[in-house]
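Given next are the chains, with one letter for each unit.
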Amino acid sequence: MSVETLLESLLEEETEATLLAKLYAVLSAVDLDVESFAEGDPTRSEVYAIARTQEAKESIVTGAIRGGFTDTAEDAWLDVCVQSLFDVERRGASYATCTVRYTNGSSQLFTIDPEEDTARNSTTGATYRNTGATPTDDTLVQRTLAPGGTLDLIFAAEVAGSDSNATTGEIDELVTGRAGVTIANITAAVAVDEERDDAYRARGKGKLSALSPNGPKGAYDYVVQTPDLNGGANVTRSRTFGNSTVGAVTVYVANASGAVSGGDVTLCQTAVETYCEPLTIGATVASAVNKTIAVTYSLWVYDSINLTTSAIEALVSAALSDAIASRDIGGDIIPPALTGTLYKSFVEATILRAVHPHGFRVSVTTPSGDTAMAIDEVAVLGTVTATAITLIEAP
Amino acid sequence: MSGLRTIIRKLGPGWLVRDSITMPDGTVVEVDNRLLWAAALLFDALIERARLGIKTRFPGAGATEDSLVYLGRDRLIVRGPAEPRETYELRLRGAVDKHRTRGNAWRMMEQIRAYCSPHEVRVRAWTERGKVYTLDRDGSTSVVRTTNWDWDGSALEDAWSRFWVLIYPTDATPREPWDRVEWGAENWGSFCWGSTATRDDVQAIRSIVETWKPEGTHCRNIIIAFGDTDFDPTGTSPPLPDGTWGPETANVGGEQVPTRNPNAAYWPGSRGPTP
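Order-wise, the sequence lines are chains A and B. Position one of the first sequence corresponds to residue 1 (the working numbering), numbered consecutively onward. Position one of the second sequence corresponds to residue 1 (the working numbering), numbered consecutively onward.
The reader is advised that the hints may include incorrect statements.
Within a straight-line C-alpha distance of at most 27 angstroms, the following computed DSSO-like cross-link-like pairs (lysine-lysine) qualify [unchecked claim]:
1. K207/A <-> K10/B
2. K22/A <-> K131/B
3. K55/B <-> K22/A
4. K131/B <-> K57/A
5. K10/B <-> K57/A
6. K22/A <-> K57/A
Rather than coming from a laboratory, the hints here were simulated on the basis of the structure.
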């Protein structure tokens, strides 16, 4: 083993089997008669126990070694690594909030204390609790719903993340009993999920760009994606184009769902002008435009996967959703081309990776080929259709 | 020897932590319990692996050649193909300070010069406005203002954020890190046009320019100047660009002739879509 490739070897994790083999090799080398370790022999049991105990420590040590480098760190170690190297914290999941309108069809007066009422999205089952505030009054106090009247209250999701997202009207059940009262949300409930590992790594490294007042590449992306700087805008992806002869910079922004609201674009524009745009440079922030990517596929999988076809379909859909949500705005650009592409081979690879190592063949009919993307377009997953998922007996 | 193996005999009563071995000559010797010793050996190996593994994340204090690659990625510092390890580790440790002024001509030229090390090249950044920054072979710096640079006749208001990067290889034979190469010379097919630079070299230099320039600016070309006195900021136009250097050749009297200084190689500068 060369010292020069030490890291590579240090990252190799021993298994119980390899540890057992090493233990027996050492015991043989010190003249212990390992051949006499019959089944049931206490010494043999001790050797197995040592190997198993050691194996449990392997992943901890490997995780700690990997945790020293942004590209290899994972899970909690990634947070430690990025925080210590760049002083950047992972963007956590937010709680969706929205305005819910009460309509009182009864002759009864109701008083509603903060966090007293629970509402539910009958489609998704997500639940929400009133905060006590109204759209025009932040104070958390008791509110009154008059007979025959209406009342708008701010509700917050009980569970963080995008699973609690709801379009207007979807939150339509009042779980708390109030006879004669109906509800519906009059604004959408939107939340973001915890920042993905790949996005967190990129944003951490982007912090280096933001250290400089000279507007280098990366500074713009860091600013528009960091909640502390962008005023809380829901932006999880961005791409900056600044190859200009007249000082022009354009920053396209998107979130996990694609295009960003006008309000969030304004917040990002302000952030860019405050934190990274040097004098005489003209930076413009614009929302990316959605490019819907529908996927239709057939898949062949060995039955060693031990899942039903509907479970496999769900796995593939989740993998495609994650993969498409992580693609850069503008697609993948191979110079000297100036515009990008979402490659069909990427879609195929994502599907096979979702069922790895049991899948061995995929046929994607939609998209039929590579999808061209303009520099302001962001891929958004459309309808996913499994034409056929064929389970083959494992060899 | 250190570690758990050295403390086995202190871990319990003799019958548990010691082995008696009968030697071929009949003598009996006492050794540490071999099963415990074997287990301790594995634990010591794990501890050593953890110790070395933690050290690999520190440039100049335990990092290995392969961990330097990851450290370079984290700090956005590209290592030159011949750059000595010691200087690269120093650059990694000082990376944050350099990033504090990224976008400045000096930081960009320092990165290019380090990429070319240990060869002492001169690097020059020439802006459309005529401000010329020079980082010389001995590390000295100078700034000159000139109006004698007209690349393609563009008006300043249409191209004010353009700049050029000039790299002067060593004034030796052969020049380092790159020398001229003519069509048909030995191995010419493995180099990029006009010099012994490889595709990796060109992409690395372009990447450094892209990373260390300010957004909103455009590097028109990266020029590898083989004449040590060429492109002198105090010179006249011509031989400095005289407004005709946009295309590489021009039709003069029915004949296509080069427009630019033939004693240089011209690489494309900034890449990617314009905003």
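Hints and how they fare:
As the CA atoms of K207/A and K10/B are separated by approximately 51 angstroms, the hinted pair breaks the 27 angstroms bound. Simply put, K22/A and K131/B have alpha-carbon atoms about 66 angstroms apart, too far for the 27 angstroms limit, and the pair is violated. In summary, the hint linking K55/B to K22/A is supported, as the alpha carbons are separated by about 25 angstroms, within the 27 angstroms threshold. The straight-line distance between the Cα atoms of K131/B and K57/A is roughly 60 angstroms, outside the 27 angstroms bound, and the hint therefore fails.
Of the pairs offered as hints, the one joining K10/B and K57/A holds, with about 24 angstroms between alpha carbons and a cut-off of 27 angstroms not exceeded. As the CA atoms of K22/A and K57/A are separated by approximately 16 angstroms, the hinted pair is consistent with the 27 angstroms bound.
Checked against the numbered hints listed earlier, the structure breaks hints 1, 2 and 4; every other hint is satisfied.
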